[in-house]
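Asks: For reference, the chains in residue letters:
Number of protein chains: 2
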Amino acid sequence: MTQFADISRLSLNQATTQRWSLREAVEGCARAGIPAIGIWRDKLEAAGLDAAVRLVRDAGLRVSSLCRGGMFPAATAAERQARIDDNRRAIEHAAALGADVLVLVCGPAPGKEIQAARAMVADAVEQLIPFAAERGVRMGIEPLHPMYAGDRSVITTLAEALDEVERFGSPHVGVVIDTYHVWWDPYLFAQIGRAAGHILGFHVCDWLVPTPHMLLGRGMIGDGVIEFRPIRAAVEAAGYRGPIEVEIFNQAIWDMPGDVVLALMRERFVEYV
Amino acid sequence: MTQFADISRLSLNQATTQRWSLREAVEGCARAGIPAIGIWRDKLEAAGLDAAVRLVRDAGLRVSSLCRGGMFPAATAAERQARIDDNRRAIEHAAALGADVLVLVCGPAPGKEIQAARAMVADAVEQLIPFAAERGVRMGIEPLHPMYAGDRSVITTLAEALDEVERFGSPHVGVVIDTYHVWWDPYLFAQIGRAAGHILGFHVCDWLVPTPHMLLGRGMIGDGVIEFRPIRAAVEAAGYRGPIEVEIFNQAIWDMPGDVVLALMRERFVEYV
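Line by line, the protein sequences are chains A and B.
Going from the first sequence to my numbering is simple: count from 1 and add 13.
Going from the second sequence to my numbering is simple: count from 1 and add 13.
Derived by calculation from the structure, the hints in this document are not laboratory data.
A few of these clues could be false.
[Claimed, not checked] Over 10 Å on every C-beta distance to chain B, these chain A residues come out as not near it, computed from the model:
id	residue
1	Ala87
2	Asp99
3	Gly252
4	Arg281
[Unchecked claim] Facing chain B, according to a computed beta carbon distance under 10 Å, are these residues of chain A, among others:
id	residue
5	Pro159
6	Val167
7	Ala172
8	Phe202
Positions of the beta carbon are idealized from the N, C-alpha and C atoms, including for glycine.
Okay, chain A solo, but in the shape it has when bound (with noise of 0.2 Å):
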């Protein structure tokens, strides 16, 4: 087995090397022979649509996501279309880099009715599908850990993300699996089956036992506690069979030079996931 076939599903998401600039992640996945990157927006603004499509072209890199749409609950009708209109550009910008998915990350309750927030999400994804078609743009429900319900993600189940998804029922419409969101689900292994042919992305992060900070305590895979095998086994036998984003936000890992973090990153990715 060559050392391309071992990585040649791995994606660096931006997330994991936080610091880097655009430039500085694609030149790394380059050095590293990391074939795929997901983009973060806040690194994308910053290195301009053009520039941006040009780097990863000339990288030869595949573009795996946008990180991240969503945020859609809020206080007001105002807001909430500004939101939706936010979500526009991201699914113009996702057209323009060719990116696999638009990842959404759905957002917080605006103040204490989760229920009606969740129906907030559910109106504003149903919105954008006709704009995301005509641009041929995938999103991905990304449902979070239950922990980030208040200040994150009202979507915190795949069993959630999946019940919005099929009522949709649009191929524009699926979920994104991260491991570190949903390794802990009792029914984890039949909502992936359940998954099959809306799977747009998986992302491997490992849970750290204890875990010292609620955002930026992510592990390193193989530091935690989560089996990535079966759960991986499990996401192909769905279908799924694009790339695997690493994504960690992790200020001991952000604080270590980018290259070793892939070097760390791949030798993991071969002998975890």
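Dock chain B against the given chain A, drawing on the hints supplied.
Replies: Then chain B, alone, in the frame of chain A:
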């Protein structure tokens, strides 16, 4: 509506007043007119079982729960047996105290195999049922928030707990529902309905945004984003009419004088629950 009527179902879970001994907590409840208490085993050990039984009886307090049994999964059969033996002691103490329920916090996996750990939980609870039945004790499986799946409980949702409870089919095993652990669940109300006849305890605690600490950052009722009234209504519609425990792990609350905490808890309970 008299003040007594307002708080007639209120119970102080001792975890809310961590610095108080059992005697201090019992006396605090008496001063505040709180009619019930949830007792922790470390406080019970410190007080001595016989003294504790006299304390609560003399104060006329209802013991709404004993916290906690559980912690079942372990790497070896010998260690798993030791955990079961410890739970037998907890059952005996719950019987002596006349506690409404022994709360089970089921424990984390000893390694990475979360599904295997879930089977260990089911096996242990099943072994304990005859012992609990002989002593007239009911065990309540408390699903913990999924952010504790790695270090406190592999049982993470009400649905999962109910799967086990229905499988056992014993009146000596049910569920304990804590708003802090389940508020995010998209299927919460359906599962509370399903829990009818199996709810052995109901705890209230708020979810702070942002959450300052994963264990000690839980919120006083009204300080967070949880809507208590609809959850309480659903729990009552499912037939539960027992005590409602306020159980809050929060360093700032622990640092307040206990009488102040009880006064605040009473006020917020009446306003929000």
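Asks: Of all the hints numbered above, which does this structure not satisfy? Sort the numbers upward.
Replies: Hints that this structure does not satisfy do not exist here, as all of them hold.
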